[in-house]
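Novice: What follows is each chain in one-letter form.
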Amino acid sequence: MNKPIRTVAIFCLVLFVALMANATYLQYFRSASLNDHAGNARVFNEAYSTERGAIVAGRSPIAESIPVEDQYEFLRTYPEPFKYSPVTGYFTYEFGAGGLERTQNAVLSGEDDRLFVTRLVDLLSNSGTQGGNVQVTLDRAAQDAAWEGLTGVPGDVEGAVVALEPKTGKVLAMVSSPSYNPNKLASHDFGEVRKEWARLNDDPAEPLLNRGTQKTLPPGSTFKLVTAAAALESGSYASADDQVPGGSTYQLPLTSGDTGLIDNEGRSCGTDRIPFSQAMEQSCNTTFARLAVEVGADAMREQAEAFGFNSTALEDLPEAASTFPDDANEPQLGQSGIGQFDVRATPLQMAMVAAGIANNGVVMRPYVVDEVQSADLDVVETTQPEEYSEAVSGPTASELTKMMVATVEDGTASPAAIPGVSVGAKTGTAQSGQDDVAPYAWFVSFAPADDPEVAVAVMIESAAIERGEIGGGRIGGPIAKAVMEAVIKK
Amino acid sequence: MAPSGSLMGFVHRQRRGAELFLLILALAVGIGAYAAVGIGVEGHVPADIVGYGGWLAALVVAAHVAVRIVAPYADPVLLPVVAALNGLGLAVIHRLDLASGDHTFARQQLTWMTLGVILFVLTLVVVRDHRLLQRFTYTSGLGALALLLLPLVPGVGKTINGARIWIGIGPFSFQPGEVAKVLLVVTFAGYLVLHRDALALAGRRVLFVDLPRGRDLGPVLAMWVVSLGVLVFQRDLGSSLLFFGLFLIMLYVATERPGWLVVGGLLFTAGAAAGYQLFGHVRQRFDIWLDPFDYYRQASGPHSDQLVESLFGMAWGGLLGRGFGEGSPWRISYAESDFIIGAIGEELGLTGVIAVLLLYGLIVERALRAALISRDGFGKLLATGLAAVFALQVFVVVGGVTGLIPLTGLTTPFLSYGGSSLVANWVIVALMLRVSDQARRPLPDLSTTDDEDPDVESTQVVRLP
Numbered sequence: 017m018n019k020p021i022r023t024v025a026i027f028c029l030v031l032f033v034a035l036m037a038n039a040t041y042l043q044y045f046r047s048a049s050l051n052d053h054a055g056n057a058r059v060f061n062e063a064y065s066t067e068r069g070a071i072v073a074g075r076s077p078i079a080e081s082i083p084v085e086d087q088y089e090f091l092r093t094y095p096e097p098f099k100y101s102p103v104t105g106y107f108t109y110e111f112g113a114g115g116l117e118r119t120q121n122a123v124l125s126g127e128d129d130r131l132f133v134t135r136l137v138d139l140l141s142n143s144g145t146q147g148g149n150v151q152v153t154l155d156r157a158a159q160d161a162a163w164e165g166l167t168g169v170p171g172d173v174e175g176a177v178v179a180l181e182p183k184t185g186k187v188l189a190m191v192s193s194p195s196y197n198p199n200k201l202a203s204h205d206f207g208e209v210r211k212e213w214a215r216l217n218d219d220p221a222e223p224l225l226n227r228g229t230q231k232t233l234p235p236g237s238t239f240k241l242v243t244a245a246a247a248l249e250s251g252s253y254a255s256a257d258d259q260v261p262g263g264s265t266y267q268l269p270l271t272s273g274d275t276g277l278i279d280n281e282g283r284s285c286g287t288d289r290i291p292f293s294q295a296m297e298q299s300c301n302t303t304f305a306r307l308a309v310e311v312g313a314d315a316m317r318e319q320a321e322a323f324g325f326n327s328t329a330l331e332d333l334p335e336a337a338s339t340f341p342d343d344a345n346e347p348q349l350g351q352s353g354i355g356q357f358d359v360r361a362t363p364l365q366m367a368m369v370a371a372g373i374a375n376n377g378v379v380m381r382p383y384v385v386d387e388v389q390s391a392d393l394d395v396v397e398t399t400q401p402e403e404y405s406e407a408v409s410g411p412t413a414s415e416l417t418k419m420m421v422a423t424v425e426d427g428t429a430s431p432a433a434i435p436g437v438s439v440g441a442k443t444g445t446a447q448s449g450q451d452d453v454a455p456y457a458w459f460v461s462f463a464p465a466d467d468p469e470v471a472v473a474v475m476i477e478s479a480a481i482e483r484g485e486i487g488g489g490r491i492g493g494p495i496a497k498a499v500m501e502a503v504i505k506k
Numbered sequence: 043m044a045p046s047g048s049l050m051g052f053v054h055r056q057r058r059g060a061e062l063f064l065l066i067l068a069l070a071v072g073i074g075a076y077a078a079v080g081i082g083v084e085g086h087v088p089a090d091i092v093g094y095g096g097w098l099a100a101l102v103v104a105a106h107v108a109v110r111i112v113a114p115y116a117d118p119v120l121l122p123v124v125a126a127l128n129g130l131g132l133a134v135i136h137r138l139d140l141a142s143g144d145h146t147f148a149r150q151q152l153t154w155m156t157l158g159v160i161l162f163v164l165t166l167v168v169v170r171d172h173r174l175l176q177r178f179t180y181t182s183g184l185g186a187l188a189l190l191l192l193p194l195v196p197g198v199g200k201t202i203n204g205a206r207i208w209i210g211i212g213p214f215s216f217q218p219g220e221v222a223k224v225l226l227v228v229t230f231a232g233y234l235v236l237h238r239d240a241l242a243l244a245g246r247r248v249l250f251v252d253l254p255r256g257r258d259l260g261p262v263l264a265m266w267v268v269s270l271g272v273l274v275f276q277r278d279l280g281s282s283l284l285f286f287g288l289f290l291i292m293l294y295v296a297t298e299r300p301g302w303l304v305v306g307g308l309l310f311t312a313g314a315a316a317g318y319q320l321f322g323h324v325r326q327r328f329d330i331w332l333d334p335f336d337y338y339r340q341a342s343g344p345h346s347d348q349l350v351e352s353l354f355g356m357a358w359g360g361l362l363g364r365g366f367g368e369g370s371p372w373r374i375s376y377a378e379s380d381f382i383i384g385a386i387g388e389e390l391g392l393t394g395v396i397a398v399l400l401l402y403g404l405i406v407e408r409a410l411r412a413a414l415i416s417r418d419g420f421g422k423l424l425a426t427g428l429a430a431v432f433a434l435q436v437f438v439v440v441g442g443v444t445g446l447i448p449l450t451g452l453t454t455p456f457l458s459y460g461g462s463s464l465v466a467n468w469v470i471v472a473l474m475l476r477v478s479d480q481a482r483r484p485l486p487d488l489s490t491t492d493d494e495d496p497d498v499e500s501t502q503v504v505r506l507p
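The listed protein sequences derive, respectively, from chains Z and W. To convert, count from 1 in the first sequence and add 16; that's my numbering. To convert, count from 1 in the second sequence and add 42; that's my numbering.
Hints listed in this document are in silico derivations from the structure and should not be mistaken for laboratory results. Heads up, the beta-carbon is just placed ideally off N, CA and C, and yes, glycines get one too. A portion of the hints provided could be inaccurate.
To be verified - Rough simulated footprint, nothing fancy, chain Z against chain W, three-plus residues with beta-carbon under 8 Å:
no.: 1; region: 289-295
no.: 2; region: 352-365
no.: 3; region: 391-397
no.: 4; region: 406-413
no.: 5; region: 433-447
Full structure from sequences and hints, please.
Specialist: Given below as structure tokens:
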């Protein structure tokens with residue numbers, strides 16, 4: 017009977033090998049996908065009860081986990097919730113995470129490969145896994161100024177402010193209003209969390225939306241910077257002193273009547289040809305609509321895309337792509353030249369335009385995560401600034417800078433003037449396209465013009481301001497000024 | 043190769059010292075795991091570690107002393123492996139007790155282990171020669187049937203979790219199927235060894251398969267069919283599968299005809315297909331196996347929460363595991379019984395699971411080794427049967443928990459919480475040790491070389507020094 021017994025032995029061996037192979041498959045090869053499974057409460061429980069790393073701005077955290085006496089051991093806490101929530105995002109038990117809490121989850125939860133050594137030490141010392149910290153690029157003073165400026169606008173203001181460091185692409189400030197309180201979403205009272213989540217999602221003002229990166233609106237006159245850049249790059253114009261077409265009205269090609277008629281709302285734009293910088297100072301619609309048509313649809317789109325339109329640049333936060341239409345006919349192109357028709361931009365995008373001009377034509381890729389640190393604050397990785405594109409040549413950039421400085425000194429952007437500092441800026445007031453919706457106020461600027469430290473974009477979508485009073489300069493100018501001052505004065 | 047030939051003149055050593063050394067290692071596993079659970083869950087070594095460890099050590103030493111006295115030539119590896127598994131199981135159950143807060147399963151399990159060791163010693167003492175059991179071929183067959191039928195008796199039987207495989211005696215519940223398993227092995231071994239020639243040689247050939255005569259196979263086939271019927275009626279899929287496989291393997295070993303495996307395989311396929319068609323619960327298990335996530339956290343109907351939580355747990359454990367107290371094995375319902383492998387996979391990782399599987403593999407391998415060197419057909423069949431029961435049970439339950447095969451619900455030998463299973467498995471190990479003791483024991487000097495035994499391989503003559 018020994019031969020069949022040997023066969024049985026081999027059969028048993030096969031059974032056990034199958035079990036081991038299956039266990040290996042399950043616990044090694046398939047474990048990542050099972051751990052990522054949406055219904056896997058175990059992983060989220062664990063994430064909830066390990067000491068998640070902090071998100072730090074300046075020297076103090078804007079998101080941290082503090083020990084509490086309940087089954088999850090740690091509570092996610094946001095010391096300045098409304099001001100920083102567009103960047104930190106939220107961290108919920110049932111609804112996942114948003115913002116940096118989501119994109120930097122691997123670091124914050126300690127699972128990131130870059131934290132492997134720390135994790136190994138934790139394992140050997142039998143202490144619980146501690147997450148790494150994320151140091152953000154935000155400048156606390158700039159963020160404070162942006163938040164105070166934006167929420168200082170009367171009424172339930174809807175809008176956003178984004179400030180960039182032109183030379184590096186660091187996001188210095190990013191606020192969005194209305195904002196939300198992520199502490200309420202991180203609560204361990206899940207009933208309350210559910211209520212708050214439903215309330216936030218049902219709110220027509222979309223408080224969960226980061227208007228700085230996710231909301232695209234017609235950029236209005238601020239887009240004239242792109243049009244001017246395209247005109248200068250086309251070679252037809254060389255400097256801020258060149259003569260460009262002016263005039264009080266401009267009938268768009270292929271149109272007749274009022275719908276195709278562009279005017280300057282009473283600003284002084286000459287009768288035939290005016291200096292380029294005057295057109296910029298007075299934000300002459302007739303000039304820039306003409307210039308867009310002159311340059312042509314392809315050149316306009318290429319210039320817009322060189323600044324970052326039609327794609328996204330920020331990897332750390334959810335971002336909506338700003339758009340420039342790629343099949344505009346001539347009248348639509350004219351409208352696009354003054355930031356109307358189908359042109360849509362996020363405040364981040366317009367900040368990139370200003371920063372690119374300030375930085376001698378080079379747009380740096382914007383980023384929010386400055387450093388990744390281990391739990392004991394050892395620097396694991398520092399983000400290196402990266403060139404996003406060369407949007408315009410150096411000479412073009414310096415001519416555009418001249419025009420923007422002139423716009424502050426003698427033109428519509430005067431509210432952003434800072435004594436003793438040369439500031440470049442451009443206002444914008446974009447038609448929403450609907451009669452019952454107020455126009456959007458835009459403002460982009462940078463300072464100091466000769467050695468830029470900060471570029472700002474302000475966008476006010478709606479506020480309790482008379483329709484006629486809405487103007488990028490009047491509302492956005494002071495906010496941008498405050499943010500620029502906060503950065504420069506250090 | 044003729045092992046008995048090569049064993050001519052070879053005298054096995056007793057190796058009791060080796061067993062003792064391995065037992066100390068096994069105790070280190072059991073007591074160490076208990077201490078690790080205390081540290082992991084409560085932050086300190088459990089206060090009762092001395093009492094607990096002492097009790098565990100006393101049980102293990104008692105078993106060792108019994109083996110030393112009544113089975114001195116028994117295999118030295120089996121007992122330590124079993125002690126390690128039982129100790130680890132206790133620690134894991136204790137860990138789950140701590141998580142639930144109000145269970146005292148570990149304490150009860152220790153009581154059951156004590157009873158198991160007592161029965162282990164009794165078995166070794168009473169069954170001084172496994173061939174004694176051959177006398178009880180039919181008695182144990184009847185006993186097995188009676189035990190299997192018991193749960194169906196009104197008033198005695200209890201339905202727990204949909205399977206009517208329990209009997210209640212006062213405060214105790216007992217799964218008679220676990221004991222019936224051992225009795226069935228004895229019955230099959232006894233019957234088959236007696237009729238193996240007739241089964242192998244007499245009969246007609248039908249479609250390439252030599253079928254034995256009805257009167258040779260009939261009785262054992264009949265009782266096997268009855269057992270299966272009872273189990274199917276009780277909705278105990280795991281045990282049905284176990285009995286089927288056991289019968290097939292023993293028939294194959296007895297007759298040495300691979301054809302039985304073919305026939306059995308076909309019958310199994312047909313049975314599985316019929317079961318799928320006829321029984322809703324079989325179909326459910328099968329559907330859940332194919333796509334467990336479809337049935338996860340369903341508000342109504344069949345749900346796969348237990349399996350999916352086990353899969354999540356094992357994946358979460360990864361290679362090295364979360365460590366005792368660092369996972370959430372309580373998320374798996376019945377983690378302490380059917381799904382204890384899931385709990386081990388989560389907290390001890392793939393490393394722990396593979397270690398446990400290797401220990402099980404060692405038990406099977408050692409039992410089969412005893413079968414190979416056993417000198418009598420009954421011993422060979424008995425040891426093979428016990429090994430097969432073990433291997434199949436581990437395969438069915440671990441395979442089910444890890445999603446390799448549809449889940450059927452069996453206990454994990456020595457690890458799972460459950461008195462009937464633990465006690466029965468201790469008896470099984472006692473029988474394995476008994477066969478190996480007989481097989482390794484040097485024969486008295488017969489000084490003759492007559493070779494009348496038809497089973498040449500099991501005959502050996504050893505000259506004592």
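Novice: Taking the earlier hints as the rules, which of them does this structure contradict?
Specialist: none
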